[in-house]
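Quick mapping for you: the protein sequence lines, in order, are chains A and B. Counted from 1, the first sequence has number 51 at position 51 by the working numbering; the numbering is strictly sequential. To convert, take the position in the second sequence, counting from 1, and add 1000; that gives the working numbering.
Honestly, the hints are just simulated from the structure, not real lab data. Just so it is clear, CB atoms sit at the ideal spot from N, CA and C, and this is done for glycine as well. Among the hints, a few may not be true.
Said to hold, decoys possible - Okay, derived cross-link-like pairs now, EDC-like style, lysine to aspartate or glutamate, Cα gap no bigger than 16 Å in a straight line:
no. : chain 1 : residue 1 : chain 2 : residue 2
1   : A       : K62       : B       : D1125
2   : A       : K180      : B       : D1126
3   : A       : K62       : B       : D1056
4   : A       : K27       : B       : D1181
5   : A       : K27       : B       : D1137
6   : A       : K62       : B       : E1285
7   : A       : K62       : A       : E28
8   : A       : K62       : B       : D1267
To be verified - For the chain B half of the interface with chain A, some residues (derived, Cβ under 8 Å), not all of them:
no. : residue
9   : G1014
10  : R1015
11  : A1018
12  : A1120
13  : D1122
14  : H1124
15  : T1132
16  : D1137
17  : Q1159
18  : Q1165
19  : P1177
20  : E1182
21  : E1190
22  : H1191
23  : D1212
Unchecked claim - With the Cβ distance kept under 8 Å, some of the chain B side facing chain A (calculated, not the full set):
no. : residue
24  : V1142
25  : N1160
26  : E1162
27  : R1169
28  : L1171
29  : L1206
30  : D1240
31  : G1256
Residue-level listing of the chains:
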Amino acid sequence: MTAPPLNVLLVDDHAVVRAGYRVLLEKEASIRVVGEAESVAQALERLDALQPDVAIVDVTLKDGGGIDLARRMRSEHATVRVIMFSMHDEAIFASRSLEAGASGYVTKSSGPNELVHAVHEVAAGRRFLSHDVAQRLALHSIDPDATGPALAERELEVLRLLANGVGVKEMAHVLGLSPKTVANVQSSLRRKLGATTSVRLADVARKLGLLPRE
Amino acid sequence: MPPLPQVIDRRSSGRARADAWLVVAGVALAAAAAVTLELSERLYAFTRSFEHAQLDELPIVLFALSMGLAWYALRRRAEAAREAVARRLAENQLQAALTDLRRLASDRLASQEEERRHVARDLHDDLGQSLTALKLDATLLVGDCGAEPARARAAKVLQNVEHLQASVRDLISRLRPVALDELGLSAAIEHLATQWQERSPACDLLVTIHGDVDAVGPELALTIYRLVQEGLTNVFRHADASRVEVTMRRTRSAAGAEAIRVLVEDDGRGAAVVQPGFGLRGMRERVEAAGGTLQVGDAPPSGFVLDAELPIGSGP
């Protein structure tokens, strides 16, 4: 018996784009576009009414940010999978999307088949990034489903303390190392993880299970 | 000619008063000495011996001389006062002109940035979305075309559409900082830092953000972004640093107003390599036009620090 089609909600404030992607997605027997929305307000309303499996959301909407919308969608309907959609292919867009709870990020310049593929992947509980953005993100990102980068014991300890806001001097004291060594470990950690901000490090620590979940 | 404004310079009027008292004291002393020592009698006796040289008229002559000198001094003093007032007027006019010029320059910059924002948005919305739809149709067309040469032609159309999409993306990123308009200031700074870090793997670049810095107006966000952008450009071009820290912090100014503190610190060559062309003056103008303060200088033991504080809510 074939699985029921995946119900998809399209959220984009450009009718031309919505129409185009509806045609594309409905070519697939396994996908059904059950609704469209052109604003944050409409999207939330349609989400409630239609309870789709997957929502495809543009990063820029006229009455608000798509990423904030994704966050709200995920908090109000934990089962919906969100794919962010955008012209932009920079890693920061994808990483912020994933942080907000989206399962996928697809650029509007990648092949339309990537979006179809994305729908299937995220519905199955996996993450999906279109190839152009995946390449950029690979340079500096952590895939929480993988076992994470190979970090030495000492690096893990430093990461844990760092993510808990412990300063270098205190850390040196606690770990029995010189402050210079601690600073060096932190530098190499940031480079390994591609985390230039302490917020990013905290995220990584959380994903590796080093911080209690909020 | 309109009456000249009074020039009251506290220090010099204090000196004048002190000088006047000195004169009074001197004259009083002379008078006291003359009375007690009977100076004029002695002088009379002395000059009497030189009567043939008419030296006895000396006191009268000296008196006339002192009156003349006093008159001369008073005239010069009045002249100097008028000159000082004229100069003060000219300085005020210059200051006013300078302020106007600064405001003009900052207004022009602000409207230029605003224009860029609009163009970037139009590129994204109009051109970008149309291109997306075009790409979709072109892709479907390639699939629909069974035979050559139609299929090859459709493939070329698709290729050109993809090229156009890339061009529009590039144009947009030239007009506005990446992610600033869509994701906010902290995302834009993070992206900027990541770009620099990737280009300079040997240098350790750290960005720390305390508090919500995204809830600032678009003009302030752009000013802060440009500040960090300029600061980082200078560091990576000239400082030869091994470590750079960018810190942004939501704070309160000395006056108690909500503000954002921005620091760009490195451990490189320090202020010695700072040249006029480093855009510091432009940065200062932008920061001050936004009602903020900017301090730059050496950061011991070695390196440079750029320290700005900008109020949220007042100014552009």
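A quick look at each hint next to the structure:
{"no.": "1", "hint": "A:K62 to B:D1125", "in the structure": "holds, 10 Å"}
{"no.": "2", "hint": "A:K180 to B:D1126", "in the structure": "violated, 53 Å"}
{"no.": "3", "hint": "A:K62 to B:D1056", "in the structure": "violated, 104 Å"}
{"no.": "4", "hint": "A:K27 to B:D1181", "in the structure": "violated, 35 Å"}
{"no.": "5", "hint": "A:K27 to B:D1137", "in the structure": "holds, 13 Å"}
{"no.": "6", "hint": "A:K62 to B:E1285", "in the structure": "violated, 33 Å"}
{"no.": "7", "hint": "A:K62 to A:E28", "in the structure": "violated, 29 Å"}
{"no.": "8", "hint": "A:K62 to B:D1267", "in the structure": "violated, 44 Å"}
{"no.": "9", "hint": "G1014", "in the structure": "violated, 53 Å"}
{"no.": "10", "hint": "R1015", "in the structure": "violated, 56 Å"}
{"no.": "11", "hint": "A1018", "in the structure": "violated, 57 Å"}
{"no.": "12", "hint": "A1120", "in the structure": "violated, 11 Å"}
{"no.": "13", "hint": "D1122", "in the structure": "violated, 13 Å"}
{"no.": "14", "hint": "H1124", "in the structure": "holds, 6 Å"}
{"no.": "15", "hint": "T1132", "in the structure": "holds, 4 Å"}
{"no.": "16", "hint": "D1137", "in the structure": "holds, 7 Å"}
{"no.": "17", "hint": "Q1159", "in the structure": "violated, 12 Å"}
{"no.": "18", "hint": "Q1165", "in the structure": "holds, 4 Å"}
{"no.": "19", "hint": "P1177", "in the structure": "violated, 11 Å"}
{"no.": "20", "hint": "E1182", "in the structure": "holds, 5 Å"}
{"no.": "21", "hint": "E1190", "in the structure": "holds, 6 Å"}
{"no.": "22", "hint": "H1191", "in the structure": "holds, 4 Å"}
{"no.": "23", "hint": "D1212", "in the structure": "violated, 12 Å"}
{"no.": "24", "hint": "V1142", "in the structure": "violated, 11 Å"}
{"no.": "25", "hint": "N1160", "in the structure": "violated, 13 Å"}
{"no.": "26", "hint": "E1162", "in the structure": "holds, 6 Å"}
{"no.": "27", "hint": "R1169", "in the structure": "holds, 6 Å"}
{"no.": "28", "hint": "L1171", "in the structure": "violated, 11 Å"}
{"no.": "29", "hint": "L1206", "in the structure": "holds, 6 Å"}
{"no.": "30", "hint": "D1240", "in the structure": "violated, 17 Å"}
{"no.": "31", "hint": "G1256", "in the structure": "violated, 27 Å"}
The structure shown violates the earlier hints numbered 2, 3, 4, 6, 7, 8, 9, 10, 11, 12, 13, 17, 19, 23, 24, 25, 28, 30, 31.
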